[in-house]
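Enquirer: The lines below spell out each chain.
Protein chains: 4
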Amino acid sequence: MSSKVTVEDANAFLEEAFSGAQNRSKVTLMEDGRAIMRMDASEQHLRPGGYISGPTQMTMADSVTYMAIFTRLGIVPMTVTSNLNMNFLRPCIGSAVIAEARLLKLGRTLAVAEVEIRAEGSEKVASHAIVTYSIPAAR
Amino acid sequence: MSSKVTVEDANAFLEEAFSGAQNRSKVTLMEDGRAIMRMDASEQHLRPGGYISGPTQMTMADSVTYMAIFTRLGIVPMTVTSNLNMNFLRPCIGSAVIAEARLLKLGRTLAVAEVEIRAEGSEKVASHAIVTYSIPAAR
Amino acid sequence: MSSKVTVEDANAFLEEAFSGAQNRSKVTLMEDGRAIMRMDASEQHLRPGGYISGPTQMTMADSVTYMAIFTRLGIVPMTVTSNLNMNFLRPCIGSAVIAEARLLKLGRTLAVAEVEIRAEGSEKVASHAIVTYSIPAAR
Amino acid sequence: MSSKVTVEDANAFLEEAFSGAQNRSKVTLMEDGRAIMRMDASEQHLRPGGYISGPTQMTMADSVTYMAIFTRLGIVPMTVTSNLNMNFLRPCIGSAVIAEARLLKLGRTLAVAEVEIRAEGSEKVASHAIVTYSIPAAR
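Chains as they are written, first to last, in the numbering used here: chain V, -13 to 125; chain P, -13 to 125; chain D, -13 to 125; chain G, -13 to 125.
Bound-form chain V, shown alone (with noise of 0.2 angstroms):
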């Protein structure tokens, strides 16, 4: 099965509702149920020594896992994050970051994701998160 959005308009649908934003990761794979992020590490992005930092790979565990219902469900702006809880295993470091959610269950009302963090490149896991969304009652 495919997914009900492309790479394009999650993508356009990301510049639209983040245009504040600078420096936004970008969506590379949407499958059913899957989602691949990609973001150029700049400046903002980085802690003291070099890392890659832990509220950036937050931002982009949040948003992979938003795309990954978005395979599923089609576009539903209105899904809000309910939990997210992630462990940073080891250093990010690169000039890339690479975001992959994959959904564990999709319920009524609960979405619940599975995601890995590396920098790109590199085969071992930076960071890894189990995200949680709420999906709105009227769909």
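Derived from the structure by calculation, the hints contain no laboratory data.
Hints are not guaranteed to be accurate.
It does not matter which identical chain is used: a pair holds within one copy or between any two.
Said to hold, decoys possible - Here are the simulated DSS-like cross-link-like pairs (lysine-lysine), alpha carbons at most 27 angstroms apart as the crow flies:
hint, residue 1, residue 2
1, K91, K110
2, K(-10), K91
3, K(-10), K110
Given chain V's structure and the hints, the job is docking chains P, D and G onto it.
Expert: Chains P, D and G only, in chain V's frame:
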């Protein structure tokens, strides 16, 4: 017991360390084991519907925990986030956002803080987080 | 506002519903949005080193949240745990264990509680949990 | 690479260490960085409605992570749970329960594992956990 780092020194550190970030939150209180930060909301912090975004709240939770650790240990820039668990309880709507962290535990290798985020002027907690930081061996 | 369920009725419900369990914890307080349970520690609750085990504390966190929900909704047996996040802050050592839950949010589909677990007589919190329950649609 | 501890030795350790517990789960697989445990469900493990209880699943998640750590470090009884985050995705209904842990990271002070719990014979994951253990300094 008072904080090992003043509000002024905390803000000076953040200014220096995160000079690439726009519209950061600013420290307003540093007490022993407790810190508060405040941020004026701007377009980049908002989601469709006008809510303060999840990532904005996660970023503040992460930063204010970092500051709460400084109140006990002094400025220790190489402490890094180990785990963040955040529950979004209610929409966060307002022109400014307040984040407060209280240390639950400060051990040899881990610091754990409880964080509450709310819109300035609101009594209700918008989101609640438990943030764990790793404390580097050489201090 | 008082609890919709008394301590006696709460314990009677637990006695009936979990008759297969040995050495359960017992409810000692039911107030609006708040519940406390107490358990005498026995061998099955201990880990090597004599500490109250993690699973014992998780079980109490889960049960006391269930009770805190009852204080607002009455006896709703089909509510089920959706998410539990627990941080073990300090060893829990003692002959009895106290668990206290406070509702952070009670929505249409989710209830979120904050739980503290401590050894009876100790001021220090051994573990801290955020427990989320799903509230079934038909009530 | 094989496990530092065999299935037999793992079960012997658990038998000795937790002799006060009834109806424990038993280790069925010990590989490098991976462990599986199985438990026959009995009345004490069930909730109203016949589901395998949340605490039963949490306990198995905690135990199987303990075992996964042993596969790499040998028998280290004093490692203790630092954090457990569990999402209950679907009802767990069956006569036996299977828990599988896979180490995501094994550092100097922390071990992090991903755990899946399912009813024996079912393909669908009932619950998913990330469990973090502290590794004591002297090893």
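Enquirer: State for each hint whether it applies.
Expert: Verification of the hints:
no. : hint            : result
1   : K91 <-> K110    : both (25 angstroms within a copy, 10 angstroms between copies)
2   : K(-10) <-> K91  : within (17 angstroms within a copy, 33 angstroms between copies)
3   : K(-10) <-> K110 : between (30 angstroms within a copy, 23 angstroms between copies)
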